[in-house]
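A.B. asks: Given next are the chains, with one letter for each unit.
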Amino acid sequence: MILAASTSIGPHLFWITSRAAGIAAMALASGSVGAGLLISARGTPRRGLGGDARALHEALSLATLGAIAVHGVALLGDQWLHPSVFDISIPFTGGYRPFWTGLGIVGGWGLALLGLSYYARTSIGQSRWRSLHRFTALFWLLGIVHSLGAGTDAEQPWFLLALVLTAAPAVVLLAGRLVRSPASPAEAPVAVSSRMARETRHGPVPERSA
Amino acid sequence: MDDLKRLEAKGLARAKIRAKRRRVSSIRGRTIRGALGLFALAWAILFAQLVSGNDPALSRASSVRKAVAASQRTHERPRSQPVESPEVEEPEAVVPIEEEAVPVEEEVPLEEEAAPEVEEPEAEFAPEPEPEPAPVITSSS
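Those sequence lines, one after another, are chains V and B. With our numbering applied, the first sequence corresponds to residues 1 to 210, in that order. With our numbering applied, the second sequence corresponds to residues 1001 to 1141, in that order.
Derived from the structure by calculation, the hints contain no laboratory data. Think of the CB as a built atom: it goes at the ideal place given N, C-alpha and C, for glycine as much as any other residue. Among the hints, a few may not be true.
Only some residues are given here: those of chain B computed to face chain V with a beta carbon under 7 Å [stated by the list, open to error]:
# : residue
1 : 1035
2 : 1037
3 : 1039
4 : 1046
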């Protein structure tokens, strides 16, 4: 039985791995975006649970990037698709559903660049980095559209259930954020100035330098 | 006294920092374990789908293959069905030649088109079975 299963799965090993990594990336990205929106939500404490949410946000973001990398790289071994490095890294050039796959590649690059820019925010500038970091949600949405358009399991009930369960909280938080976004230009300077004041009082906050 | 208080405050601060680092590292560890578990779960679901033959892409491909094969059969069947067996098919190809040889008998030209499939085998077997009928009668008797 196991032998039969292993021989039957042989040609599809990379393909299944890529699909599983894509599903994991989708769920992790939803969790990360949700945690990020929670951190920036009004009334969330900076310490205690707020600090934990920050650590969780960072860990989820890194896990998402790892899963996205596995999702793309595993496809290189697939015997049926046979994509090249360019196919999986340059949007809209691949042979398999180029539009939907291209959206996913754009989303993946966007998440990687905006996520990793966290470690270069001192050189980018805090306020500029914050305004750039907001676009992460857009790339996350691109990823979800990619999973629905190009995903092999997009019509499977369990996949749709997982998508709704993981993405719904983040979508609700994002909608709430967008609804009160007219007030955000006034809030942002306050948030920045309060953080600066805290840092001048206590020195650099360790969780950010970590 | 001030020194003692300072030392206590420093100790407290260090303890807090240590506790925070521990908490952050435990969050990271749990997140990594959760991510790996999620990946393994998704992989197991996809594996089960594949092994049970319910994989969406493969079942779609196989159903397309079946449909194509079925349509090919339906195109072929109308030709092969009336003949029923390959034994009868062969004579069809062979008989016309014999007919042409036999039809020297003059009358057939009009009937040839209507009756070739049914009559030909008989015509083909007709010359050979002549010696056979005798044994058939003997066996039945």
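A.B. asks: Give a verdict on every hint.
C.D. replies: Status of each hint after checking the structure:
{"no.": "1", "hint": "1035", "result": "holds (4 Å)"}
{"no.": "2", "hint": "1037", "result": "violated (9 Å)"}
{"no.": "3", "hint": "1039", "result": "holds (4 Å)"}
{"no.": "4", "hint": "1046", "result": "holds (5 Å)"}
Of the hints listed earlier, the one the structure fails to meet is number 2.
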